[in-house]
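Residue numbers (the numbering used here), protein chains in the order written: chain E, 1 to 452; chain L, 1 to 452.
Simulated from the structure, these hints should not be mistaken for laboratory data. Glycine residues also receive a C-beta, built at the ideal position from the N, C-alpha and C atoms. Keep in mind that a hint or two might mislead.
Listed next, the stretches of chain L that the computed footprint assigns to chain E, with coverage defined by at least 3 CB atoms under 8 Å from CB atoms of chain E [said to hold, decoys possible]:
#1 60-71
#2 115-129
Some chain E residues judged to face chain L by a derived CB distance under 10 Å, without partners named [claimed, not checked]:
#3 Thr28
#4 Arg102
#5 Val162
Facing chain E, from chain L, some residues (calculated, C-beta under 8 Å) [claimed, not checked]:
#6 Ala35
#7 Asn87
#8 Leu91
#9 Thr110
#10 Val216
#11 Tyr268
#12 Leu319
Protein chains: 2
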Amino acid sequence: MCAVDLQHWLNEALANHEKWTAEYGSFTPHSSLQADPALFGSALAELQDRLRDNYPFFHPRYAGQMLKPPHPAAVVGYLSAMLINPNNHALDGGPATAAMEREVVSDLATMFGYGEQHLGHLTSSGTIANLEALFVARSLHPTRGVAYSSEAHYTHSRMCGVLGIEGFPVAVDGLGRMDLDALEELLKTGKVGTVVVTPGTTALGAIEPVNLVLDVARRYDARVHVDGAYGGFFTLLAGTDLAPEPWEAIGSCDSVVVDPHKHGLQPYGCGAVLFRDPSVGRFYLHDSPYTYFTSDEMHLGEISLECSRAGAAAAGLWLTLRLLPLTRDGLGEVLAAGRRAAVRWASIIRESEALELYQEPELDIVTYFPRTDPLTLSAVDAASHRVMQTGMNAPVDPIFLSVARASKGAFAARHPEVGADADGARVLRSVLMKPESEDYLDTLHARVLSLL
Amino acid sequence: MCAVDLQHWLNEALANHEKWTAEYGSFTPHSSLQADPALFGSALAELQDRLRDNYPFFHPRYAGQMLKPPHPAAVVGYLSAMLINPNNHALDGGPATAAMEREVVSDLATMFGYGEQHLGHLTSSGTIANLEALFVARSLHPTRGVAYSSEAHYTHSRMCGVLGIEGFPVAVDGLGRMDLDALEELLKTGKVGTVVVTPGTTALGAIEPVNLVLDVARRYDARVHVDGAYGGFFTLLAGTDLAPEPWEAIGSCDSVVVDPHKHGLQPYGCGAVLFRDPSVGRFYLHDSPYTYFTSDEMHLGEISLECSRAGAAAAGLWLTLRLLPLTRDGLGEVLAAGRRAAVRWASIIRESEALELYQEPELDIVTYFPRTDPLTLSAVDAASHRVMQTGMNAPVDPIFLSVARASKGAFAARHPEVGADADGARVLRSVLMKPESEDYLDTLHARVLSLL
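Sequences and hints are given; from them, build the entire structure.
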């Protein structure tokens, strides 16, 4: 399906691996590791059969959650290292992949406008990356809490709980972005040491105004952490497809998280956290008092809360970025296609009689709902749910959407014409993060209409 | 090298995947994802070339740290799911691999003697698994701290810091195991709500007496958490190769962590945490108030601190356990081989003139040092380091050992005959976790002798 010959490159990776291992001399494989080929075959067949119980995340007919397969380069890179199984916790455990991790983190730092002296590393997920950013925030402001918008990912509230610091949800405006006046009122209390700002919220893809939040936060001596787990890579479109200000401000914020396993074409298990000031590495200190945090020779385990980590994740990202670098014309083109798809679908929906946009898409997430008669929250809720279910269960030509829950108040701010006969409603939500969605839109839209 | 035809099964997995994806109909791959084959080839060649900068973890001549490659079944299972990229955070994101995760966690629970009503999940690492166990410990005993032996993994002290609870290191006995009298003294203060016990310490592989610790802890109303990240799978040898008591007691402890990416033949990115009482799931509650923690239909994200997690890790473990189940004759045979290797090497070293055992191995870690003349800490330190370096850098027939640092006091408790002219010394340390080490021992030992 993909334009890259995965089988060829996987076999190439395997052949190269075997060539390397043969150089160390042969030895007798131990009988305890042997597997009967018939048993292997039947077990694998069962695995493959069970894996069919997945939605086709790879196909443009899947326009639901934030899910897509990794790029073939990521798969080949991951496999190449997984065969060796390096541990990026320590240089001893993975010298090659530790070096690659430093290189890709440096690439990410450049993308975000951080200087050479940043500190950062890959993590197993955005949640752990955000935990580390808030851990450092607590270390710097032990008596002050963390503010985040009520549309921020729920992990911030949870991780504040884990860290034992106070979390302050901030109200959002009519487009689901942190309300600056509400933030300032909160900052005036002096209780907030760090503000989390999200350029690209999980539910709506709303771009919170990083630049304006930064201005306010700095007036109150608060740090700013950017949760770009979902939206971070859209920085590549700043100044072309997207207004540059929020993205350019990231370079002046104190920390940033981005998930290569979302828009970076990687398999799950690849988040990243970066700090603008490398001296925060001191908070990670444990029993390695001789560490130099800006040295190339540091162990990544000395600046990370996680211990064992797959070097394979670094290899997958490294190989991918060799083919699709962090430029507007490289990986940026993949994000631009999803963004164009969202914009065009929004315009198609806007002209439709049967569907209504819930909110204008800011990135690649489109939210919409059936225009029911009567037009009430309860009717919209039922119709959205029915469209999703019917599309998913269609024996022929299924499509896969997702739903998001909008509160009564959020609905009223956008669609006062919808009768408020319930405390909210589900609306349809599609993440168009596969570039193929761009060419598939007309088919997708026609199919949604046919389900009404 | 291995007795399993990896190339065959990888291609089979790929072919099965392509068959499944074709059923959803063809679509045009997007130009932004294409990669020029010449560029792919050169980038992959560079990756493979750089990956040569790894020690040969796969070969029995590598007898250093806790590192080995995954079993071919783990690789094939991981790849099979990685191609789809399911997210085990939510049922929507990975129904098949979420079901597999529940099955393998249930297998682990059975191995540890937990009942059907346990609660558990895979994690990206042992550190995150231990963080979750201590998070639950804090929730149950918010005003009391955590005790762990001074030989416990340093992550416990760090995670206590992250969680903002007090950590209490407990002195060890002459074999590097938690001292029961010291523990009881500490428990008497009432400051400890949870005791971490480690059956298989990272440095020495010492088996802390889980059963005796449990007895003491229960007298003081303290919980017991078992850190089996390294040692947990040795439970399979309880009653055959190992005295059963510490392992059988795990089933009565409150929580246990084990890392399938260590002795479970998995690639990095696969830890696990299990709780005996499923009702601790209430501490994970966030915005899913309708969760039933013992239901099969729960989302794994509702009982986990991590959000996105690779479903591929569950698939890899699931396929491996189909071929090598959690029995004495299944995976147990792999651990038994490493254990036999350690025991036999210890006896060879004991009879040697040139080497001395630092401590009798309890699991599969052997610690030893050159018998220098004069026999002093400084001479032992220098000789250990030299043997490791010379072995590793030998142009022909290299071997790869590691060193561990022993304090002056720890040395004196074991070897009062060694002149204490320094505050400690490095000793050689070998983790014999590959079953092939068993057959390779004589070669390995002769090679070590030749380096003295």
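Earlier hints that do not hold, by number:
4, 8, 9, 10
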